[in-house]
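Colleague: Protein chains in written order, with the working numbering: chain B, 1039 to 1467; chain W, 30 to 288; chain V, 175 to 496.
The hints are simulated quantities; they were obtained by calculation from the structure and are not laboratory data. One thing to keep in mind: the hints can contain errors.
Here are the simulated DSSO-like pairs of lysine-lysine, each with C-alpha atoms no more than 30 Å apart in a straight line [to be verified]:
| no. | chain 1 | residue 1 | chain 2 | residue 2 |
| --- | --- | --- | --- | --- |
| 1 | V | K355 | B | K1310 |
| 2 | V | K493 | V | K347 |
| 3 | B | K1212 | B | K1436 |
| 4 | B | K1078 | V | K359 |
| 5 | V | K355 | B | K1078 |
| 6 | V | K263 | V | K410 |
| 7 | V | K359 | V | K305 |
| 8 | B | K1216 | V | K176 |
| 9 | V | K430 | V | K476 |
| 10 | B | K1383 | B | K1212 |
| 11 | B | K1296 | W | K108 |
| 12 | V | K294 | V | K305 |
| 13 | B | K1383 | V | K239 |
| 14 | B | K1323 | V | K476 |
| 15 | B | K1297 | W | K142 |
| 16 | V | K294 | V | K239 |
| 17 | B | K1310 | B | K1212 |
| 18 | B | K1121 | B | K1297 |
| 19 | B | K1216 | V | K263 |
| 20 | B | K1296 | B | K1212 |
| 21 | W | K108 | B | K1078 |
| 22 | V | K234 | B | K1310 |
Partial selection, computed: residues in chain W whose CB lies under 7 Å from chain V [stated by the list, open to error]:
| no. | residue |
| --- | --- |
| 23 | A116 |
| 24 | G147 |
| 25 | D182 |
| 26 | N184 |
| 27 | A185 |
| 28 | F204 |
| 29 | P208 |
| 30 | F210 |
| 31 | E213 |
| 32 | K224 |
| 33 | F232 |
Chain B residues, not near chain V, derived (Cβ > 12 Å throughout) [as the list claims (entries may be wrong)]:
| no. | residue |
| --- | --- |
| 34 | K1121 |
| 35 | R1126 |
| 36 | F1266 |
Glycine included, each C-beta is placed from N, C-alpha and C at the ideal position.
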Amino acid sequence: MITTSQLKLTKRMNRIAKIFFSISALILSIPVWAQQRFPKPEFETGYVQPSTTQAAPRALFLEYLDVFVLIAALVIATWFVVKKRSRRGVMWTSVFALLYFGFFREGCICAIGAIQNVTLAIFDPTYVLPFTALAFFVIPLVVTLFYGRTFCAAVCPLGAIQDLVAFRPIEIPKWLQKILGMIPYLYLGLAILYAATRSEFLICRYDPFVGIFRFDAEFQMLLLGGLFLLVGIFVARPYCRFFCPYGVLLGWMSTFSKKHMSITPSNCIQCKLCANSCPYGVIEKPEEEQGNRRSNVQRLMTYLFFIPLWIGIGGLAGSMLHGPLSKFNSKVYLAEQLVENPELKNDPDYIDARAFVQSGESMDELVKEAREIRSQFYWGGWILGGFMGLVVGLTLLKLASHRNRHDYEPDKTNCLSCGRCMDYCPVKN
Amino acid sequence: MDRKEFIEKSLRLGVLTGIIGGSVFLIKRNKIDFTCSVDGVCKSCSLFTGCDLDKAKQSRNDERKKDSKQTNRREFIQKGMRLTLGASLAGVAGFAALKVSADDYVWQLDPFKCVYCGRCADYCVVTPSAVKCVHAFDLCGYCDLCGGYLKPDANARSTAAENQLCPTAAIKRKFVEDPYFEYEIDEELCIGCAKCVEGCTSFGNGSLHLQVRHDLCVNCNECSIARVCPADAFERVPASQPYKIKGDFTNKDDNNKPA
Amino acid sequence: MKHRKLINTILIVMAIGIVIIVARDFVVNRSGKNIENPYAFDVSEYAKVDSSEIIYQEEKVLQLKVDEPKGIDFYNEAIYVIADSSLLKLNQQGQLLQEIQLGDEPTAIDAGPQVWLAFKNQIVCIDENGKELQRWPDFGPRSVVTSLAVSPEYVYVADAGNRLVYQFSRDGKLIREIGAKDEQKAVPGFIIPSPYFDVDLNEEGYLWAVDPGRHSLENFNADGSLRTSWTISSVKTEGFSGCCNPAHMAIMSEDKFVTSEKGIVRVKIYDQHGEYLGVVATANQFNEVSHAPDVCVSDDGKVILLDFDRKQVRLFNPKESD
């Protein structure tokens, strides 16, 4: 936890940095003033004009401090989950993360949003990626690759706030879980598509909890956050399980993680005490293969065969939707409006059209830009649709396939490593 | 809760307690025998007598050795996938890292592109807006008839509120010497509506303009004002040069370049 | 769990609520959608001009192929335009008669038998072929020359930076500074907030200078004392508004004044006493965001404008109706 004396110190250093910055900016800009401006009137009474204040933004070392706190929190969370196996430790770490990353830093920048920054860095040649954004994207993924989703357990502020309100978790039927579980893939794909076409940061726009963290948001955002929390009382962590796009990436890393959290410290004795302990319903029970091997394998092959079909259908649907999807880009929207109703250019109330006319850009240039963006959406739509088709196909495949299991184990992809089940296991090493 | 419900509840509770207590008592007393089948996997836990935990573990370890070939293959696939994922993550990160800068980026608006649409006042996530009017004193003409301070149809060149353009009276007018007046902005009152900016730029020298104030701005990943700005005036700038104040910053649209 | 059905129903309702909020926002709040300005500062009513007051009509538009036009003057059936770093001489049909490279960026011009040019703070005189006849020493860094007026005896230089008009003899000797604040000579001193400061000579050769901060035009004797002045400061069509208007001025036959204003961009005619006569060009004949055009008059009464934003020379004729 950050102490008040540490906060005071950072505040003082902030102020010193601000003073230093404004003085140096003033000094550095004086010669520039003398040359370029039309001369001011000469004042006879010795009047000294005030200077234009330039308050400095947050000091850079504090941004790097955030990265350091992220790494520290991840290390502590992982230690609590994998080594110490303490649910309490995980919970208190998540409370700290909620306070620091959530309420103190007001939920921005977060690892979920960093996906868009990295996408923009890859697709937009004019964008410069701040190192802190890249760090927030990569570091949790690397840790997850080795130790499972400890980031979700105790470091993500959005996860923490939902985890703390999950008083009465209920079980959701498996089929519903699978269907809703496809939404994060769609959200991830759309977010990448919109970030790559420079239209919008979708994840930031529909982040339900940032309004609560800032104590300041328009009514719609607060309502969304409130609804998520209310649902979260019964359906534990709804955003994490059914919306979070970063969770998709973390899930991939976690599936093949080296040392994932395990329910039992050594061997499972099938006592079933942990079976109903998971509020997220991701503990998998021991199962034996049903039916004969041959027909099972045949069924598997059929589903596998259908996957290219799903990809094709999905890609086609995605490309056909490229029109409505691209309308969300402001240039495309403006171009469409002005082409359909050219008289809008003279409408004195339509500020965007007036600004366009004043900027001196010609209609041809605008239409050309809009066409380019549209075609980006077209190819993006193919890829997004194909990706969703692949997701649907693989989900069906997973439902149809079967793996012999002897023990009670967490589903490595979806387990959030919260550690509640560890307390239920009677095995003590 | 009325009496009927209360009686129902306590009856239910009582029966439940009785059943559980009775079962435990009976089990403990009679030591119910649950034997484990040595051929298969043990399906009970050591709460009950007749189960030999060690025997169960042993039988399961024997079963495990049978599956060891499968397990080794599985481990190999896991290792391979882990390597692939790690490599692709490194690839993506490396590709993005080509564009990395150590500096942080903040939002700022280009005053020469601004069209005074008034959205800065309403669309900032912070209330009141983090965008405020600043005065580049070097460009000011110190006029008595200030285009950004007075309404065009003002009945007098005075500080009367009815003559002021600013809806929150955030500009302070001070007499300097004849015929010059100083205009300073009280940032706590300014809401960033750009009325004075429009007045100053059309009727005056254009020394009043809007800027994002970084002591108030929370530096969102995507600025909500930038999204709705009709002139695309918002840009990300390095945090080491976070302001575009007219005078230090100029471009070809600047009227005040010498002649 | 008790009340499971009720909880299920509530959850479904809340989930639908979430979907509706997200979908509605996605569809309705597009970026680029028009949002009205609740703080709009509307000056269109001040820019409206009754059509009966418009006494000129646009006759011809000559498109210039330059980057930055700087000034315009008229002499001997030819239009002289300074732009970028050259001097263009055009006839009234728009044909380029001559182009002279000047080597530096000019800021003001006075065309006569010789062409006098100002380069921010230095005065140069060239003949009609571009040969340099005189080059005066520069006036210092504070000086910004915005206008020249040349009579047979004197060269008047309007220096906006120093807020003065210099009276030179034709061979470069400084005779006096006009316009400095002087209570004994009843000269109030020029108020010049921005680099717009125009001078011209009337038919008798007296100097008229614009005092843009006071919205007035001032007339000076050859000895620098104030002869007369007139001022109209109002937002109505007949007045001058804003901080520095009129931005440009020219004197035509019968000592009438043609003035060009910034802010609400328009060109008007006043008679020799300062009485408003009418409008040459209204605000809607210019771009929405526009600089005040530079003005000059031809010998046959045409008003010639240099439109900086559209990069055009625009010729206006008086309407035949009167």
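Colleague: Work down the list of hints and note, for each, if the structure agrees.
Modeller: Hints, one by one, checked against the model:
A threshold of 30 Å between alpha carbons decides the hint, and for V/K355 with B/K1310 the separation of about 100 Å lies outside it, so the pair is violated. Of the supplied pair hints, the one linking V/K493 and V/K347 is violated, its CA atoms being roughly 45 Å apart against a limit of 30 Å. The suggested pairing of B/K1212 with B/K1436 holds, with an alpha-carbon distance near 13 Å, which does not exceed 30 Å. With a C-alpha separation of about 25 Å, the suggested pairing of B/K1078 with V/K359 holds against the 30 Å cut-off.
For the given pair, V/K355 sits about 16 Å from B/K1078 by alpha-carbon distance, which is consistent with the 30 Å threshold. A C-alpha spacing of about 37 Å is found between V/K263 and V/K410, which places the hinted pair above 30 Å, so the restraint is violated. The straight-line distance between the Cα atoms of V/K359 and V/K305 is roughly 40 Å, outside the 30 Å bound, and the hint therefore fails. For the proposed pair B/K1216 and V/K176, the alpha carbon gap of about 25 Å is at most 30 Å, so the pair holds.
For the given pair, V/K430 sits about 13 Å from V/K476 by alpha-carbon distance, which is consistent with the 30 Å threshold. Distance check on the hinted pair: B/K1383 and B/K1212 sit about 54 Å apart at the alpha-carbon level, beyond 30 Å; violated. For the proposed pair B/K1296 and W/K108, the alpha carbon gap of about 8 Å is at most 30 Å, so the pair holds. A C-alpha spacing of about 20 Å is found between V/K294 and V/K305, which places the hinted pair at or below 30 Å, so the restraint holds.
A distance of roughly 26 Å separates the Cα atoms of B/K1383 and V/K239; the hinted pair therefore holds under the 30 Å criterion. Annotation: proposed proximity of B/K1323 to V/K476 is violated, straight-line Cα distance about 96 Å (limit 30 Å). At roughly 54 Å between alpha-carbon atoms, B/K1297 and W/K142 are farther apart than 30 Å, so this suggested pair is violated. Under the criterion of a C-alpha separation no larger than 30 Å, the hint pairing V/K294 with V/K239 is consistent with the structure, at around 23 Å.
Among the hinted pairs, B/K1310 with B/K1212 is consistent with the structure: their alpha-carbon atoms are about 19 Å apart, no more than 30 Å. Between B/K1121 and B/K1297 the alpha-carbon distance is near 10 Å, which keeps this suggested pair within the 30 Å criterion. Restraint check for B/K1216 and V/K263: the C-alpha separation of about 79 Å exceeds 30 Å, so the hint is violated. Of the pairs offered as hints, the one joining B/K1296 and B/K1212 holds, with about 27 Å between alpha carbons and a cut-off of 30 Å not exceeded.
Under the criterion of a C-alpha separation no larger than 30 Å, the hint pairing W/K108 with B/K1078 is inconsistent with the structure, at around 72 Å. Straight-line distance between C-alpha atoms of V/K234 and B/K1310 comes to about 94 Å, which puts the hinted pair past the 30 Å bound. Of the supplied interface hints, the one on W/A116 is violated, with its beta-carbon coming no nearer than about 36 Å to a beta-carbon of chain V, more than 7 Å. Interface hint status for W/G147: upheld, as the beta-carbon distance to the closest one in chain V is roughly 4 Å, under 7 Å.
Because the closest C-beta pair between W/D182 and chain V is about 5 Å apart, less than 7 Å, the hint holds. Given the 7 Å rule on beta carbons, the hint for W/N184 is violated: about 11 Å separates it from the nearest Cβ of chain V. For W/A185, the suggested interface contact is broken, since its CB lies about 12 Å from the closest CB of chain V, more than 7 Å. At its closest, the beta carbon of W/F204 sits 15 Å from a beta carbon of chain V; the interface hint therefore is violated under the 7 Å criterion.
Taken as an interface hint, W/P208 checks out: its beta carbon lies about 6 Å from the nearest beta carbon of chain V, inside 7 Å. Checking W/F210 against chain V by beta carbon gives a least distance of about 11 Å; that is not within 7 Å, so the hint is violated. Nearest Cβ of chain V to the Cβ of W/E213: about 17 Å, over the 7 Å cut. The hint is violated. Look at W/K224: its Cβ gets to within about 5 Å of chain V, closer than 7 Å, so that hint holds up.
Because the smallest distance between the Cβ of W/F232 and any Cβ of chain V comes to about 3 Å, under 7 Å, the interface hint for this residue holds. With a least beta-carbon separation of about 35 Å from chain V, B/K1121 lies farther than 12 Å from that chain, consistent with its non-interface assignment. No Cβ of chain V approaches the Cβ of B/R1126 within 12 Å, the least distance being about 25 Å, so the stated non-interface status holds. Listed as a non-interface residue, B/F1266 fails to keep its Cβ farther than 12 Å from every Cβ of chain V; the least gap is roughly 7 Å.
Going through the hint list in order, the structure does not satisfy hints 1, 2, 6, 7, 10, 14, 15, 19, 21, 22, 23, 26, 27, 28, 30, 31, 36.
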